[in-house]
Amino acid sequence: MSVNFKQFFASGMILGVIFMSQTILGQTEALADDPTPRTITMTGSASIGATPDRVEITLGVSSKAETAKDALTLNNVNMNQIIATLKENGVEEKYILTSNFSIHAEYQHFKDGRPTKVRGYKVSNNVRVQVQDVKALGPLLDKVVSAGSNQVHGIRFYVSNADEIKDKARKKAVEKAKRKAQLYTEAAGVKLGKVMVISESSRHAGNHPVPMARSLAAEATSVPISGGEQQLSVSVTISWELD
Numbered sequence: 086m087s088v089n090f091k092q093f094f095a096s097g098m099i100l101g102v103i104f105m106s107q108t109i110l111g112q113t114e115a116l117a118d119d120p121t122p123r124t125i126t127m128t129g130s131a132s133i134g135a136t137p138d139r140v141e142i143t144l145g146v147s148s149k150a151e152t153a154k155d156a157l158t159l160n161n162v163n164m165n166q167i168i169a170t171l172k173e174n175g176v177e178e179k180y181i182l183t184s185n186f187s188i189h190a191e192y193q194h195f196k197d198g199r200p201t202k203v204r205g206y207k208v209s210n211n212v213r214v215q216v217q218d219v220k221a222l223g224p225l226l227d228k229v230v231s232a233g234s235n236q237v238h239g240i241r242f243y244v245s246n247a248d249e250i251k252d253k254a255r256k257k258a259v260e261k262a263k264r265k266a267q268l269y270t271e272a273a274g275v276k277l278g279k280v281m282v283i284s285e286s287s288r289h290a291g292n293h294p295v296p297m298a299r300s301l302a303a304e305a306t307s308v309p310i311s312g313g314e315q316q317l318s319v320s321v322t323i324s325w326e327l328d
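Using this note's numbering, read the sequence shown as starting at 86 and increasing by one per residue.
Since the hints were made in silico from the structure, they are not lab data.
Wrong hints could be hidden among the right ones.
[Unchecked claim] List time: in silico DSS-like cross-link candidates among lysine-lysine, alpha-carbon distance up to 25 angstroms:
1) 256 x 172
2) 149 x 220
3) 256 x 228
4) 179 x 149
5) 172 x 220
6) 154 x 207
7) 220 x 207
8) 276 x 149
9) 263 x 279
10) 207 x 196
11) 279 x 256
12) 276 x 257
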């Protein structure tokens, strides 16, 4: 019985070695038939400045009164005047959008233990307005403030043809990445092959809210508005196969 077991064990070991040898040989042949390609990866970035030609601003009216009805009536009168002023100065109705409306009670608190009581009501109404000419915004703000607006929450500047400008930046970014790749491959004595992967990340600097530095209601002269310049930036990462 012991001899037969040893012979069986030896035969199994031999078969295992043969199986492992065939497996390794097969993997080696597969790697030889499908080698991992050599690659080079480079990143190119480009940025193009553009002057904003559109602007978005949020205007608001905050009204207080002893009763909710009176506060709402006062607020409605002022907001209607503001919307009428916007339209009279060339802002189309489709560019005027209500962004927030609220009404709440204001309470008076006593230190002597008396119960809290309502001392009045506050109504707030905000509209988001798009102005198609940045230069027109300053004079327009003067007029809407005179019409009753007492809140301005921020300004956003936009470039209408941003996509076209970014396409130019994309081409420049690709050219920079390719130039660096050619420089390295020439120095290494290899040739740049076909493109394998292209990926992009972009950034639109400048399209963010700009808070007003002081209360518009206190301004006696035209509000100075400057859109500055926005940087439309693109970064492209490209991988090439090496010949």
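Here is what the structure says about each hint:
1. 256 x 172: violated, 41 angstroms
2. 149 x 220: violated, 33 angstroms
3. 256 x 228: The hint is violated at about 44 angstroms.
4. 179 x 149: Answer violated: residue 179 to residue 149 is near 29 angstroms, above 25 angstroms.
5. 172 x 220: Status holds; Cα separation ~17 angstroms.
6. 154 x 207: holds, 10 angstroms
7. 220 x 207: Given pair residue 220, residue 207 is violated - Cα atoms ~34 angstroms apart, limit 25 angstroms.
8. 276 x 149: Roughly 75 angstroms separates the two Cα atoms, so the pair is violated.
9. 263 x 279: holds, 12 angstroms
10. 207 x 196: Since the Cα atoms of residue 207 and residue 196 sit roughly 23 angstroms apart, the hinted pair holds (cutoff 25 angstroms).
11. 279 x 256: holds, 18 angstroms
12. 276 x 257: holds, 22 angstroms
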